[in-house]
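Enquirer: Chains as they are written, first to last, in my numbering: chain A, 1 to 466; chain B, 1 to 466.
A portion of the hints provided could be inaccurate.
It does not matter which identical chain is used: a pair holds within one copy or between any two.
Said to hold, decoys possible - Here are the simulated SDA-like cross-link-like pairs (lysine to any residue), alpha carbons at most 25 Å apart as the crow flies: (1) K288 x T149; (2) K118 x T151; (3) K288 x N41; (4) K118 x G378; (5) K218 x R199; (6) K239 x D351; (7) K288 x E60; (8) K27 x D259; (9) K218 x D264; (10) K118 x P30; (11) K218 x S253; (12) K288 x D144; (13) K398 x A360; (14) K108 x A174; (15) K290 x H58; (16) K290 x T150; (17) K218 x G252; (18) K290 x R199; (19) K290 x T151; (20) K108 x A350; (21) K398 x P363; (22) K398 x S248; (23) K288 x V62.
Just so you know, these hints were derived from the structure itself, not from any lab.
2 protein chains.
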Amino acid sequence: MTLRVGIIGAGPSGMAALRAFESARQKGTPMPDIMCFEKQNDWGGQWNSTWRMGLDVHGEPVHSSMYRHLWSNGPKECLEFSDYSFDEHFGRPISSFPPREVLFDYIKGRVEKSDVRKYVQFNTVARHTSWNEESQEFTLSVEDLATGTTTEHVFDKLIVSTGHFSFPNAPEFAGLGGFPGEVLHAHDFRGAERFAGKRLLLIGASYSAEDIGMQAHKMGAASVTFSYRTSPMGFDWPKNTLERPLVSRFDGSTAHFIDGTQGDFDAVVLCTGYQHKYPFLPAELSLKSKNVLYPRNLYKGVVWQQNTNLFYLGAQDQYYTFNMFDAQAWFARDVMTGKIELPPLAEREADIALWCERLAALPDHNAEADFQSDYLRGLIDATDYPPFDLDAVSALFKDWMHHKESDILGYRDMVHRSVVTGTMATRHHTRWLNAMDDSLARYLNGPSQDVDTGSLTTLTRELSAR
Amino acid sequence: MTLRVGIIGAGPSGMAALRAFESARQKGTPMPDIMCFEKQNDWGGQWNSTWRMGLDVHGEPVHSSMYRHLWSNGPKECLEFSDYSFDEHFGRPISSFPPREVLFDYIKGRVEKSDVRKYVQFNTVARHTSWNEESQEFTLSVEDLATGTTTEHVFDKLIVSTGHFSFPNAPEFAGLGGFPGEVLHAHDFRGAERFAGKRLLLIGASYSAEDIGMQAHKMGAASVTFSYRTSPMGFDWPKNTLERPLVSRFDGSTAHFIDGTQGDFDAVVLCTGYQHKYPFLPAELSLKSKNVLYPRNLYKGVVWQQNTNLFYLGAQDQYYTFNMFDAQAWFARDVMTGKIELPPLAEREADIALWCERLAALPDHNAEADFQSDYLRGLIDATDYPPFDLDAVSALFKDWMHHKESDILGYRDMVHRSVVTGTMATRHHTRWLNAMDDSLARYLNGPSQDVDTGSLTTLTRELSAR
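With the sequences and hints as input, model every part of the structure.
Expert: Given below as structure tokens:
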């Protein structure tokens, strides 16, 4: 019987899974019976972002946490598909930090070329999964949100590719209920224009806080204050930006910090991360994890330990993104088809333990990037995913982090070289700080929004002179 | 075997169901095996409101659509339990339009007295329901959100009491994605203080629009504009408040209306209603309905036509609230225990059709109030729920609607007489327009926030002189 594969979610990970099977089919492997379920009306996951927040048009939790004026916060050269380059998609070199719509266009380009859209049922949400130990089958109940009908499907293998940056983690803060201004989680943030002239407090010290804070600065916030739990981000912030330790309580519009300082604010954004949440799975099949580079219970970061018919893609914290989902999808595919034979449970457990031990000992972000490069190397070596120079990408990550430290408002104006094609990125026509139009059309065609195109930051000038 | 009853949701309807069974138990009827599942950490449903919006602490859709400074928008005398009066709870007369916390306290008082909390599993969300025709049993899968465990329970009867004012209906408007200010649905509105000095646009012409608009006026909004689809509300609005027909499109911060007018706004609130949504039910058991006074497919507004083991409480549009949920719960209870015998399907269908025909012919809001009074009469006559003067409540509804037409900012300062105890409400120490503290403590103990306690509106003065 043909293998029956269910894929939940058609974001970058689900698209990678579709592409993985299609790639094998092109090389002569028979295609399994694939059904992919996507609750939105288009694929792209996080990249398919709208103005909606909270609940979507069908009353389902909004998936995307992205927003207007979101530009990639890492070099595109670190996430490039090795089987579909930026050059192939755009037909010309582009800059290293494109906005959302440009990257969305890129990931759609590959799967459109692959003719895999036919496997996806859109507007269809996964509701409930049960595993029958005897028959070794999953029964998945899905609801067509457009027609309001529930159907059940039986699968031999199930891929969970719904991501883990969609369900906010929002701790309680004393007095927050009485804060008179806007209070929202980063997940519900859709644009910083309305913070112009406002005193903004962001609770958190990771990517969301950093980017939303600098968005607010770019849009003219009166002040930006970050509140950290463990340690400050410590970037060379623009003026009117400062870091405070954790909020202890709110009293009206005043936030009190645990170091005894306080401040008055107009709005609060909780940049306090996300939960792993899989409401369509029974608890015993749900990954419970912090956002870490190697979640426990997933062999090779992909295969569910207690039931190797279940696969998670993109379930770890991410330096790499699209290309990592690819490597994982190729690996998962080969496990499903038996091309890769899994070692016994205890051996798999030992392998996970080894990775987790190494993770626990990593001294810094540079080491983390190397760690994930090594992780990808293992997956790619085991499959026919086109290899690329992982050490070069590791070096790219380190350059990028260094640029951020030197110039938090200017690092996106840097250019990097593709490890897939060797193409050097072009300098974008507009500095990130001046770019007030994040559309694909403006990105590709201009005109520039720089008032003085010569006004590069010190770092930009220094590096572009190299 | 003892009857096994599952109750989903411990808001006012679920609490009414618990109370209905407890009331019968006190009169000697054996208690069924009851399990009630509530996803929040306390009961009260809508009344258990926090600062959270979108998704809650566990990543579940936030249930409550209430907000700071929400005062009852109808007289409390229209919703009073006939088996637990306001006098019994507060020990003294109170005003007719109490704030959220006061009404929450009232509904909790009754069930605390009844010792039914033991039946409720909090932090527990219903995930999936299946009906076995052969065994005539429901299997309900629930997830304990605190421990992350999934369990299954089998029931003979299932009560859906999750309400239908929690999942926003939010239509698309062209250009809304580019609106630079805040855009939210009424469900996510938590307080109007931040609209001080702002030009607010509310799309909708029902209770949410009216109340959030007047909240914004109270908190100092620069202007309040309502946009209606069918017809304006037509109240005697304060200055800087106006009504426009539907928005055709947004262009930046400008809204264009279908009559060719336009306006610039700082924030948009979609007061576009709610969806009936029951993600824990298969489509064939889910009520699909607009917000109407008599949804099709529910006999006596309660019993699911195709499976009379399934019950919905509070699924209709509501003039009556708490006391209607009671009457429905008493009725559902007596159907479950066999005390009330159901007529055959076709007869039930004819009964529903009769109500729906009558509904379709109602000329105005006054007639709607009478319609729902008659509906309650039928339920109460069929059960031992303590009867009360429904005609008097109908008259109360009409007075209230008249007061709103005369004085949209002052109707909450009116007082009404209880039909349960005959007690006349007291005038509140602070006019609604001046009340800037909606806490239970301030409500009960004062002091007044009126600057000039003699400054009653024309209507208030006229009516208080009666």
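Enquirer: So which of the earlier hints does this model not fit?
Expert: Hints 4, 6, 8, 18, 20, 22 contradicted; others consistent.
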